[in-house]
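> Work out the full structure, taking the sequences as your base and the hints as a guide.
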Amino acid sequence: MLSAAGSRLARTNVLHNNTLLKCSATQTWLRTCRQSRCMSTSTTEKERTRFPGAIANYTQELKFKVPKNEEPIETYRVMNKKGEVINPECDPNLPEEKVVHMYKTMVQLQAMDNVLFEAQRQGRVSFYMTSYGEEGTQIGSAAPLLPGDVVYGQYREAGVLMYRGFTLDEFMNQCYSNALEQGKGRQMPVHYGSKKLNFQTISSPLATQMPQAAGAAYALKRKGEGHCVVCYFGDGAASEGDAHAAFNFAATLDCPVIMFCRNNGFAISTPTNEQYRGDGIASRGSGYGIDAIRVDGNDIFAVYNAMTAARKKAVENNQPVIIESMTYRIGHHSTSDDSSAYRSIQEVNYWDKEDHPVSRLRMYMTNKGWWDTEKDDELKKTSRKNILAAFGKAEKVAKPSIDHLWTDVYDEIPESLKRQQEELKEHLEKYGREYALEDHEKL
Amino acid sequence: MLTSQRLAQSTGATVYSRLGMRASASFHTSRSLKALPTFVSETAPEEFGETKRTNMFQAINSAMDIAMATDDTACMFGEDVAFGGVFRCSMDLQTKYGKDRVFNTPLCEQGIVGFGIGMATMGHTAIAEIQFADYIFPAFDQIVNEAAKYRYRSGGEFECGGLTIRTPSGAVGHGGHYHSQSPEAFFAHCPGIKVVVPRGPIQAKGLLLSCIRDKNPCVFMEPKIMYRAAVEEVPVGDYMLPLSKAEVMIPGTDVTVVGWGTQLHTLREACDKAKAELGVSCELIDLRTIIPVDMATIEESVRKTGRLIVAHEAPQTGGFAAEIASSIQKSCFLHLEAPVERVCGWDTPFPLVFEKIYLPDKLRCFEAIKKTSAF
Numbered sequence: 001m002l003s004a005a006g007s008r009l010a011r012t013n014v015l016h017n018n019t020l021l022k023c024s025a026t027q028t029w030l031r032t033c034r035q036s037r038c039m040s041t042s043t044t045e046k047e048r049t050r051f052p053g054a055i056a057n058y059t060q061e062l063k064f065k066v067p068k069n070e071e072p073i074e075t076y077r078v079m080n081k082k083g084e085v086i087n088p089e090c091d092p093n094l095p096e097e098k099v100v101h102m103y104k105t106m107v108q109l110q111a112m113d114n115v116l117f118e119a120q121r122q123g124r125v126s127f128y129m130t131s132y133g134e135e136g137t138q139i140g141s142a143a144p145l146l147p148g149d150v151v152y153g154q155y156r157e158a159g160v161l162m163y164r165g166f167t168l169d170e171f172m173n174q175c176y177s178n179a180l181e182q183g184k185g186r187q188m189p190v191h192y193g194s195k196k197l198n199f200q201t202i203s204s205p206l207a208t209q210m211p212q213a214a215g216a217a218y219a220l221k222r223k224g225e226g227h228c229v230v231c232y233f234g235d236g237a238a239s240e241g242d243a244h245a246a247f248n249f250a251a252t253l254d255c256p257v258i259m260f261c262r263n264n265g266f267a268i269s270t271p272t273n274e275q276y277r278g279d280g281i282a283s284r285g286s287g288y289g290i291d292a293i294r295v296d297g298n299d300i301f302a303v304y305n306a307m308t309a310a311r312k313k314a315v316e317n318n319q320p321v322i323i324e325s326m327t328y329r330i331g332h333h334s335t336s337d338d339s340s341a342y343r344s345i346q347e348v349n350y351w352d353k354e355d356h357p358v359s360r361l362r363m364y365m366t367n368k369g370w371w372d373t374e375k376d377d378e379l380k381k382t383s384r385k386n387i388l389a390a391f392g393k394a395e396k397v398a399k400p401s402i403d404h405l406w407t408d409v410y411d412e413i414p415e416s417l418k419r420q421q422e423e424l425k426e427h428l429e430k431y432g433r434e435y436a437l438e439d440h441e442k443l
Numbered sequence: 001m002l003t004s005q006r007l008a009q010s011t012g013a014t015v016y017s018r019l020g021m022r023a024s025a026s027f028h029t030s031r032s033l034k035a036l037p038t039f040v041s042e043t044a045p046e047e048f049g050e051t052k053r054t055n056m057f058q059a060i061n062s063a064m065d066i067a068m069a070t071d072d073t074a075c076m077f078g079e080d081v082a083f084g085g086v087f088r089c090s091m092d093l094q095t096k097y098g099k100d101r102v103f104n105t106p107l108c109e110q111g112i113v114g115f116g117i118g119m120a121t122m123g124h125t126a127i128a129e130i131q132f133a134d135y136i137f138p139a140f141d142q143i144v145n146e147a148a149k150y151r152y153r154s155g156g157e158f159e160c161g162g163l164t165i166r167t168p169s170g171a172v173g174h175g176g177h178y179h180s181q182s183p184e185a186f187f188a189h190c191p192g193i194k195v196v197v198p199r200g201p202i203q204a205k206g207l208l209l210s211c212i213r214d215k216n217p218c219v220f221m222e223p224k225i226m227y228r229a230a231v232e233e234v235p236v237g238d239y240m241l242p243l244s245k246a247e248v249m250i251p252g253t254d255v256t257v258v259g260w261g262t263q264l265h266t267l268r269e270a271c272d273k274a275k276a277e278l279g280v281s282c283e284l285i286d287l288r289t290i291i292p293v294d295m296a297t298i299e300e301s302v303r304k305t306g307r308l309i310v311a312h313e314a315p316q317t318g319g320f321a322a323e324i325a326s327s328i329q330k331s332c333f334l335h336l337e338a339p340v341e342r343v344c345g346w347d348t349p350f351p352l353v354f355e356k357i358y359l360p361d362k363l364r365c366f367e368a369i370k371k372t373s374a375f
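Top to bottom, those sequences are chains A and B.
So in UniProt numbering, spot 124 of the first sequence is number 124, and the numbers just go up one at a time.
So in UniProt numbering, spot 128 of the second sequence is number 128, and the numbers just go up one at a time.
Note that these hints are calculated values from the structure, not bench results.
Using N, Cα and C, we set each Cβ at its ideal position, and we do this for glycine too.
Incorrect hints may have been included.
[What the hints assert, rightly or not] Quick list of simulated restraints, FRET-style, between CB atoms:
hint, chain 1, residue 1, chain 2, residue 2, range
1, B, Pro106, A, Gln346, 41 to 49 Å
2, A, Glu438, B, Ser326, 30 to 38 Å
3, B, Gly49, A, Thr167, 23 to 31 Å
Structure below.
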């Protein structure tokens, strides 16, 4: 790593020297021009363009802006892999109670992932997606938000929802598509949503939430109650046209929205070097006129600090902010994916064993004397127990009433749909026994 | 009643195309004018109160003015709406309601609709404009996968019912491939949205106000050829016309004829010709709302006439006439005395120089009435 950075620096120096050489050549040419009176004064060089599309200086140097020659945006970090704060001034100094709560939520999230991943393997739920490796990104970014802030997610943000107060029962009910689920069993597992927690319901099409988040932020700005929108998306989703739309709309319409990218290195099997050639996602900010920062997503305090500052910018200045949180997707993309088909177990193990957000925070807490092995074992045991209890409960709840096939398509069931409802009713009167109707709640 | 000359003049006067062209009335030759239907003004119900001579873009402007005045959360946005819009529909609204309520967006249709959905999910009223219906396709994903399913997929936790997408549609005489399309059937296959097409200024104002205030996302397609051409006495006040309710425009006894938008004016001419030359009495129905559709009104009519013709500008295969034809043959099988006829655009892209022979014009509609009634 170091040598790579070194060679990049060396290359930059060489280029810098070349530029100097070119500059002096240009100056000679300029002198010649002045002597021949083709240019009157040295101010010509400083003259600003008047093109409406961009106001800039003129130059006589034929020079492309070459992204490869620029240093990548630095990754903001507060503590190292051992949980030691590198610069005490950066420590958010959160109270013990809050830090422990953040840690407990991360562990609870892991426990839920473990149980539901296994449950899918046993065929008890149809689908699941874990958050392994991204616990710090999720909890760290959720913590600075106010309850009135609106969240739009992609699908790997269960931790955000958990931190905001979504109960284990609610998670389980959704994955089980049972009658207690807010979504009435209509969407696949992990497509959570909660009105009371201001978390917009997840949908599968990638990046569609991004311009929506900009629009929601515009509405919040008009409401003027000091709230912002946070929009999560992955590095793959950022390639969608809707991401471009969202960045540009958010910037031109001054929307208080935080565009939070979880850059975990993969979009299913596609590594980031097949996803983009620029400096990740954060570098796109300047192209859109958006303030951007890159953070170490395995460092919960770095994420927390960046989010706190971004929220302040968004709410106080009505401006968008991009946060790119660098992580590694330790788990498979989903239960329908085997990630060993496209990456090595050694690579996964590095992030799991040597640079993990949960262990890093645990070390921080241990260093502070707030935590020990005994407490940790106890927490893990309780977390799993809580999950299993909620899981068992959700499994026993009936499926939603079949009448909910028809509700919520529109605010009211239109006549045209009532005709189909009638048709199904007649059919089920004859063949109902073939459809396991007894699994469904009676309305 | 407008003469066809006036229709063409006022239609073609200032049509700004996406390419930055300005088409003018002189584009039309006297021969091409004959392809355009004559707009016949109607009388608004008396209870809607005082009226004013208004063309369709002014009626739409009036609807948005009322929507903005009666709802502080209402905003209208899209490409070039701030200065009044390329068809003048948002004239003076920014001056009246401010830059934060009437504003230009970047040139990006998926962004416009996504942004509108977002506003609507916060309980605000979003009136988004897509400059031409031909350019709504980049937003197809946002409309079909997002707007239409927002309420259903969240179990009613969230919805974007405050969203209305307005878009100029249909033939305009010289719009070629991308200033002429009628994409309603693409959207008819999508549960969760409403799709509405008005036939003139009175209808446009009342139906647009209903769309804006409806609790469901609506796509409102404005037949652009009528923006200036169609003029009638439009009520100046606040009124709404019902959605999902077809209207019998002209009662008749022999053949049921169904259409929407500009096509109704072509059909009216064909019906008049059928009456005069064949003594056939047509019942002309304006469907008004494509989905959720009011099939009952058509059924009632077909049970009486025993014959049905559906006509639309859009291509035949997969067009909405197919849905009507198949529904009616099922529900009115014993009443039908002739096959259901469809008179539609051909299954080609919308052509420039062949527009007149592409469109289901008066003669093709007349011929269908003749065949059907003689079957």
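> List, from low to high, the hint numbers that the structure doesn't satisfy.
3
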